[in-house]
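**Q** Chain residues, written in single-letter form:
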Amino acid sequence: MKKKASIKRAKKSATKKKPFKKSTAASSDVWNLRLYVAGQTPKSVMALTNLKKLCEEHLKGKYTLDVIDLLQKPQLAKGDQILAIPTLVRKLPVPIRKIIGDLSNTERVLVGLDLIASP
Amino acid sequence: MARKKIGMVFPGPGLKKAATGIQGLDEITGGGLPQGRPTLICGSAGCGKTLLAMEFLVRGSQQYNEPGVFVAFEENAEELAKNVASLGFDLADLARKKKLLVDYVYIERSEIQETGEYDLEGLFIRLDHAIRSIGAKRVVLDTIESLFSGLPNENILRAELRRLFRWLKDKGVTAIITAESGDGKLTRHGLEEYVADCVIMLDHRVTGQISTRRMRIVKYRGSVHGTNEYPFLIDESGITVMPITSVNLDHPASTERISTGVPRLDIMLGGKGFYRGSSMLVSGTAGTGKTSVALHLAEATCRRGEKCLFLASEESKNQVIRNGRSIGIDLEKWVKKGLLRFHSSRPTFYGLEMHLVSIHKIVNEMSPKVVIFDPISNLTAIGSTAEIQNMLMRLLDFLKSRGTTSLCTSLTHGSGPIEMTEVWISSIMDTWLLLRDNEYGGERTRMMYILKSRGMAHSNQVREFIITDKGIDLVNVYVGAGTVYTGVARVVQELKEHAEAIARAQESERLKKELDRNRRIMEAKIMELRAEFDSKEEGLKNEILLREAKEKVVAADRGIIAKARKAEGLRS
Chain A
768 MKKKASIKRA KKSATKKKPF KKSTAASSDV WNLRLYVAGQ TPKSVMALTN
818 LKKLCEEHLK GKYTLDVIDL LQKPQLAKGD QILAIPTLVR KLPVPIRKII
868 GDLSNTERVL VGLDLIASP
Chain B
43 MARKKIGMVF PGPGLKKAAT GIQGLDEITG GGLPQGRPTL ICGSAGCGKT
93 LLAMEFLVRG SQQYNEPGVF VAFEENAEEL AKNVASLGFD LADLARKKKL
143 LVDYVYIERS EIQETGEYDL EGLFIRLDHA IRSIGAKRVV LDTIESLFSG
193 LPNENILRAE LRRLFRWLKD KGVTAIITAE SGDGKLTRHG LEEYVADCVI
243 MLDHRVTGQI STRRMRIVKY RGSVHGTNEY PFLIDESGIT VMPITSVNLD
293 HPASTERIST GVPRLDIMLG GKGFYRGSSM LVSGTAGTGK TSVALHLAEA
343 TCRRGEKCLF LASEESKNQV IRNGRSIGID LEKWVKKGLL RFHSSRPTFY
393 GLEMHLVSIH KIVNEMSPKV VIFDPISNLT AIGSTAEIQN MLMRLLDFLK
443 SRGTTSLCTS LTHGSGPIEM TEVWISSIMD TWLLLRDNEY GGERTRMMYI
493 LKSRGMAHSN QVREFIITDK GIDLVNVYVG AGTVYTGVAR VVQELKEHAE
543 AIARAQESER LKKELDRNRR IMEAKIMELR AEFDSKEEGL KNEILLREAK
593 EKVVAADRGI IAKARKAEGL RS
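From first to last, the protein sequence lines stand for chains A and B.
Residues in the first sequence are numbered consecutively from 768, following the working numbering.
Residues in the second sequence are numbered consecutively from 43, following the working numbering.
Don't take each hint at face value.
[What the hints assert, rightly or not] What follows is a set of in silico ranges between Cβ atoms, one per label pair, in the way DEER data are often shown:
1) B:Phe190 / A:Val834: 52 to 58 Å
2) A:Val797 / B:Gly232: 43 to 49 Å
3) B:Ser253 / A:Val797: 42 to 48 Å
4) A:Val834 / B:Asp212: 24 to 30 Å
5) A:Val834 / B:Asn270: 54 to 60 Å
Calculated from the structure, these hints are not laboratory results.
Predicted model, so just to flag it, every value in this text is computed and none were measured.
Don't be surprised by glycine CBs; every beta carbon is placed ideally from N, CA and C.
Start from the sequences and build out the full structure, keeping to the hints where you can.
**A** Given below as structure tokens:
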């Protein structure tokens, strides 16, 4: 129930506020995103779903997305200083940005990725 | 709070403990930290939490073959390695041997955007990976509280920390969690709520401008433990905790006697010097030669080939050596041979407890046979009489328990009876040598007196002594009618005695001669009488003969006459 509601909210906010003020990072052509998860937990699944949707909407054609399951590659957690799961890391464009949580708040994800300037 | 117990503590049955290898800490915890459980170490900034945690890991990996993971939230691996290199810990080397792993967890609030639900599984995975990769038995989280400033959602964080400590327990690793104390609480974020097995509090207090680090076990579930505050020291060999009450009064008493280095002083001490392992106090006013007595003992000790520790709290090593040379004692050669070691430190350099800790450390390192503390009286600058007595008692008990002989010098004030001023310390001393000076006839002379010496017949005489370029020498005591003369007065008295003796000798000589003369007179008289008698005897004898001859003649004549008369009477 809760999950659905948050998705709805995310959809709503994404559709409602279409004309965002674009930031400088938004003009970048190469987006390299990395999502760290730990197994198929509901939070991880939710994050991946939210992220894919968001990328298709805002970064279509200019992004790459790696999903890293730390249960399989625990040694990779150190490199990006991962503590929280799930964590989305924007490797490119620099500087590195991290967004933690299930990415259900689309507006904050967009701010976090610097796709829109913080309100 | 748990049971209170004074003195040595012993591990409770059933609870396994992981020895820390930190000097003294295992004693006050009765064997170490609870094995397989987390321990909270809290304290204000700069009180040594990180160091304690690191030493726990390093000693664990080196001495107990238990590899450790250090999760650093505040410093990265290089910084940490540099910080502990001064203690002789080579983290890089331990890391190469897969005995120690430092994982730097860094979290920057400004880089992080929070969007919905999350947990700290990433931290768990990292920790798990680190533990697995070296088979760690020990884990340190330093300082996990910094997550509170890095992560925005405190509720999630608290829930995850609770899960983390549970998880550590399930893993069976012995963990140390450090936390900063503040606002009058043990930890700023109330971590003690989650880590309930063992809490150790570190403290760095400044009293009278002297700082002392102290440690206290706030709680230790399932185990008795020392409840006092224990001072501890951080130096180039790590942390040393000083258990205050762990020394008992059951040290052995040796009957072996050792020389004080002043032969005639040995004679005063029952002829053989004082007992090995006993304590001796040399007290006196300024300039009475206390240090000289101490130097003699140091020399005598080294001469026997035994190690001697000289704790100088007033003079530097070189100064002591120079002064020793002036009384004919060459200490430098013993220093070179490694038999004599100096430890010079001003009392005000650090607190009383720290002095005790540092002395303990040196004594443990070099195992001296004799320890000299010169002087103890200026410790009063950093503590009350009761505190110093307490410290000295522990020091002396510690030395006695090792069979180490100790000599302390103490400066007394000129006013008041000397015996009174130091009652507080004399009770813990076995032998008390009192030095004093006596002003008489425009000079000061040094006197020595053994006020007490437990367990031996000692001289009850006040003796004069002089300090020459060959050391201390006790002067023959003048035994006169009721008075003891010292210095020039003694010399004068001796000369007077000498003159009187000569006079007495001359008188008897004269008497002898008179007797002789009398005898000769008597003998002459005897000779004279004899001569007189002889001549008389001769005369008388001649007369007797004459008279006898005459008688014969008369008788013969009478016979002739009778014959002639034919008298009858002749027949019968």
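**Q** Kindly indicate which numbered hints from before are broken by the structure, ordering the numbers from low to high.
**A** Those not satisfied are hints 1, 3.
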